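Engineer: Using the hints provided, position chain Z relative to the given structure of chain Y.
Each protein sequence line maps, in turn, to chains Y and Z.
For the record, in the first sequence the residue sitting at position 256 is 256 according to my numbering, with numbers rising by one throughout.
Positions in the second sequence are counted from 1; adding 1000 to them yields my numbering.
Since the hints were made in silico from the structure, they are not lab data.
Since we're looking at a predicted model, the values are computed, not measured.
Careful: at least some of the hints might be erroneous.
Taking lysine to any residue and the SDA-like style, the derived pairs with C-alpha atoms no more than 25 Å apart in a straight line are [claimed, not checked]:
1. Y:K304 / Z:P1112
2. Z:K1178 / Z:V1267
3. Z:K1291 / Z:T1234
4. Z:K1052 / Y:P254
5. Y:K44 / Y:C302
6. Z:K1171 / Z:I1240
7. Y:K50 / Y:S105
8. Z:K1367 / Z:E1339
9. Y:K304 / Z:A1127
10. Z:K1052 / Y:V133
11. Y:K304 / Z:A1125
12. Z:K1052 / Y:F134
13. Y:K171 / Y:P215
14. Y:K359 / Y:M374
15. Z:K1052 / Y:K50
16. Z:K1052 / Y:E252
17. Y:K304 / Z:D1149
18. Z:K1052 / Z:P1288
19. Y:K304 / Z:I1071
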Amino acid sequence: MSVGPRTSVYGDVVVTAPVTVPYVRYSIRSAHWFTAKALATLLKTSGLRKDQIDGLCLGSFMLAPDTAVGVTQHLGLTTRWLDHLPIGGMSGITALRRALRAVQSGDAEVVACIGADTNAVDSFRASLGSFSVFARDAVFPYGSGGPNASFAFLTSYYMRTYGATAEDFGKLCVAQRENALSFPYALFKKPLSMEEYLTARPIADPIRLFDCVMPCAGAEGFLVMSRQRAEDLGLPYARVLSASERYNAFPEDPIQMRGGWVLDRERLYADAGIEPGDIDLVQTYDDYPVMSVIQLEDLGFCAKGEGPEFIRRHTFTNDGSFPVNTSGGQLSVGQAGCAAGFLGLVEAIRQVTNQNLGKPVPDARFALTLGFGMITYDRGLCAGAAILSRSDA
Amino acid sequence: MIPPLQRPKRKNPILRTRQPTLPPGLRSRAALGLTAAAALGRFELQVCASCKAVQYPPREACHNCLGERLIWTLQDGAGELLATTTVHVSHDLFFRERMPWRLAMVRLDSGPTVVAHLHSACPPAPARVRVGARLDKAGQGVLVAFPFDEVPNMADDRQLREMTCDPRFRKVLITDGKTPTGQALVRAVLAAGADLVWVGQAEPWKRFPGMDQLATDPKVTVVPLDVTDSRSVTQLAGEIGGRVDIVINNAEVHRTHGIASRAGVEVARSEMDVNYFGLLRLAQEFGPALKSRAADGQSSATAWVNVLSVYALSNFPAHGTFSASKAAALSLSQCLRAEMRPAGVRVINVFPGPIDDEWNQALPPPKLAPQALAKSIVSALRDGVEDVYPGDVAQEWLARWRENPKVLERELAL
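The shape of chain Z in the complex, shown without the other chains:
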């Protein structure tokens, strides 16, 4: 039985903020395949293409037949819990600060024996368990032994919370509240238990639809934020930066057309100014404070979410300049991820297909409802994944892109 998460006590302002530490983060190249799958929320192991033997730990050649073709394959993780231990002493700073820490040895039904973090709802050995993969605080793939069947409050396990970015009891900044997506995000994040939501508004003198309703909720504060204006970003960061736990950057400018169908660069420039430079300004101003509070107790700073677009993977010519601005944002967010990793702040990139809003009016369904997008972002925070492709279009484009990016490029240009 996992006790539900309690509201943390008020922080003693005299005490020094705990500095972020990370679990050991080095892995071989082969082992990073496990991390790559965990970033998408998948538990994968290498399976030999010749003899089907499952490999663990990850490696360069099949332990059974020396075959070189090892294919990362989704695993169900079912297995036998052989033994558990509670670690009381560790040389590692991260774990030392979080003792005691429980570990498991599991024999997977698929063959290998693994060492995994132990979820506290697992029964004592011997028992059936289910092993999954998560990204730990260092952003690296690790295995977790879960109870075979789900139990209530699973996400509140103390050790699992070190690997996830649950919004409950946390304070969230959503950078643009004027769009249906922004407002759906506010509602979803509050429903997930956030204590406080700041909602950015670039033009405070304008009243946008839904703004009145937003302002009625005592947990919601509408704040001026124009991501194209460096002073605006700096000012807001100065006011609230030290209290923000999660940043969700959904500010965007989205116009249709590619190159030839428009004259001049002004529209393209405004897309870049919000979608790319806006991210840069926000990251410069809010990033450092987020990093400094990344180990600040139960409601620590924990995640940065970028609402990108599946068009960032491969240019959609009908929305050609928008695609390019999202591609720029994707590259920059990879840089942000590398810079946030030493503090253990998760950078989550969301790649929706066309959202059911005014700028995708001309596109045929399926289109992603703002509520569905918001829900997928809250799930991503709860699961601690890094890359999210919500909706059918995004999933299909991802599959095509992974199989052969060049073919997708041509398919989109037809």
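Chain Y on its own, in the form it takes in the complex:
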């Protein structure tokens, strides 16, 4: 076990002000509106003025034809640092890493990191054909529309190779739903039973309805600033002990049974000065459940292929032996475009700063948040991780 404040590779830079703009299934407002709402809530939470935000990092798919630069004029922001990250489930981790270095190096003082997207009745369908060149050329013509077929392949291969059952994945989904019941912004408000999970509408065998996230509109955000500034503002803060990102790892693997985390996990834990056993809660990127299992393996909680056994041994609710997706994950909260890449991070910040909206994980000192995504046709290209610690840990 470890004691005392650990060293962070990001020095004295911290994350504060975890913010969520309530999710809705459909909205007639644009991504700019959700971005503005997130920014306004960040200002209200922190007590800062808009002109004190001098860095903006935006994860969004639906600003087109704008990018983050158009948003600066739209929202009346003058910044000396800017980044636009339309990389879905990786947006949050990458935004965090960019913002931490910006403040650490002195390029900015206060960076607003926001993931925001809208969703109209036709948005999801309309976005499918233009998600990426390889998606358009190599999977979209084949009819599944979206990544369902790609993850059906992965799930089927994983089940066959490692002996996972539908009940194993169901256990994660059921536990996440229970975690969501106390989270006010979750779009799913009813408990999910194993029976409902197993008998739900088939989407693409073996994937069923409750393996799939629900696209929606919403936003998540946080601020990155120096520890001194956070203390001056009286803001609870979390420290980021280490973080990693990796793109297009293992291109020779015939099928994605591991992600880029494998290449970075040793350094991730070494930089943080902790071991997997020290982690109190994990926010996986749960699009789809098979990826959650792969993330747990790749981050060293069990060996490759031992995921099913690991799942059977543990319970994953906030009061369980291994809390996962403590606000319900995307599967129970909803996937608001790139905001889904921030969801786990924002919830991790809440847990380790004791600002929970839902049920807390007892004595949460170290939180691991994962990023993943940008599925082309057969695999997700991004793999990221961040270890957050309570300010005194």
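Structural biologist: Then chain Z, alone, in the frame of chain Y:
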């Protein structure tokens, strides 16, 4: 085991005809190389000229060495079936109407992993399979995972049939029955299982050789059709247009000679009137009905076949004006293909070399027998390809033309 195709039930005349929809048809320029090869019935992928790495999905630079020279190369498609899925829910209208739909993930022996349509005769994963390329209903190249060895009734796979134009249980119009080619086509199409064949005859008062024999078959109906006469075309289209599933336009006028060896334009004009304007008249009159029935159940309207000539690619001066008329027909058929594509009707262009008939009497062999031409057209319908070059001469001219069209022009002028 694929069950053989059954005769479809009689269509309920009260029900509205299903409107054509298409699978997603957008592709990058690089990916259209796969479509171009599939149009010829070939599965090709890019291979890096520098490091030999095979590329998939198609792209602009080698994923291994960044080399820019990527050569489209024939693939055998052998690979390992990693996983399959049955899709039950899709946002796409075309697939939504055809659920459930089975897909495969295959690791090709040549390196890449691909997503493909799954032929129902493939065993469950893990298994050896063979990936091929086909044109889907949108006329775009897609990959299909086939069983490693052939099985009976392979073509009757429900998903594969959405990509092909099988004549079985369909009704076919063959525009000219007086030539040996026309009659060979009638026989070939009937042997392939067509329900009904209408055979055009431009001068009904004349009895041409073979006509009596044609008329004896109960599935054959000889109909008046003069493709140089707009009224004739309109009248026939009015009578049968709404029932035709496949049009095979083999009507042609073929004369020898080029420019200087003949006086006046009358012969050339009659070549154009049949070979080019005949196609235009037919397409205007029969095209719309074909398009409207392109999704009309198992025996939907499915294909338009033009018997062109390899001389359409590059002028053969000894048959100079005929070549020009075929070149005009080729260009127009490309227009027809673009206009038919939104409905999913396949336009198939056939480029035979000299056919073994009276107009090629003076040419030395090899010449294409009418039966061989007919057989190649039935194969093209079954495989759903777009461009067919039947016979040795056509294959050789195609190779020369693809390698350097200007050199072929000079070779033909020597």
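Engineer: So which of the earlier hints does this model not fit?
Structural biologist: Hints 5, 8, 14, 15, 17, 18 and 19 contradicted; others consistent.
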